Amino acid sequence: MTFTFAVPAADPTTAAAHFLARLSVETDVSDVHADLSAGIPGLVVVDSRGPAAWAQGHLPGAVHLPTAEIATGAAGLIPAGAAVVTYCWGPGCNGATRAALEFARLGHPVKEMLGGFEYWVREGLPVVTDTGLTRRPVDDLTAPRSTITCDC
210 MTFTFAVPAA DPTTAAAHFL ARLSVETDVS DVHADLSAGI PGLVVVDSRG
260 PAAWAQGHLP GAVHLPTAEI ATGAAGLIPA GAAVVTYCWG PGCNGATRAA
310 LEFARLGHPV KEMLGGFEYW VREGLPVVTD TGLTRRPVDD LTAPRSTITC
360 DC
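Letter by letter, the sequence shown follows residues 210 to 361 of our numbering.
Everything labelled a hint here was simulated from the structure, so no lab data went into it. A quick note: this is a predicted structure, and the numbers were derived from the prediction, not measured. There could be a bad hint or two in this list.
Stated by the list, open to error - Cβ-Cβ distance ranges computed for the label pairs, FRET-style: (1) 288 <-> 361: 30 to 36 Å; (2) 217 <-> 264: 37 to 43 Å; (3) 214 <-> 251: 41 to 47 Å.
A virtual CB, placed ideally from N, CA and C, is assigned to each residue, including glycine.
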């Protein structure tokens, strides 16, 4: 008996639709970093955490807009039609999911950044703090030490 396929895999058409749907609403740390580094126009990365978390560190170029303030504050901070990526603490938090839902309700194309701030930091990417730009060493359980990207 197999555990992996105890429930048979979906037919390829169903599987393709499922994975395409996931990719239409999710992105990852490496892809966001690449797009921010390239200066992709119209991309706005939103940190949906509270003020204390923002002060502890955030992505360079991110906009701070806690989830509870999106409905009333987005129009003043996010250009109409901008593509939005939301993030919160990490995989154990659904704050970025709630924030993405709010942006979708406001009519923005939006994706949630999987891994959140935790995986951004664990992959050794730059973080803005009160003391300036900083990086932690790469956690080799999340990314290769020799490069920023996992090449997946």
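Structure-based check of each hint:
1. 288 <-> 361: 30 to 36 Å: holds (31 Å)
2. 217 <-> 264: 37 to 43 Å: violated (50 Å)
3. 214 <-> 251: 41 to 47 Å: holds (42 Å)
Going through the hint list in order, the structure does not satisfy hint 2, though it satisfies all others.
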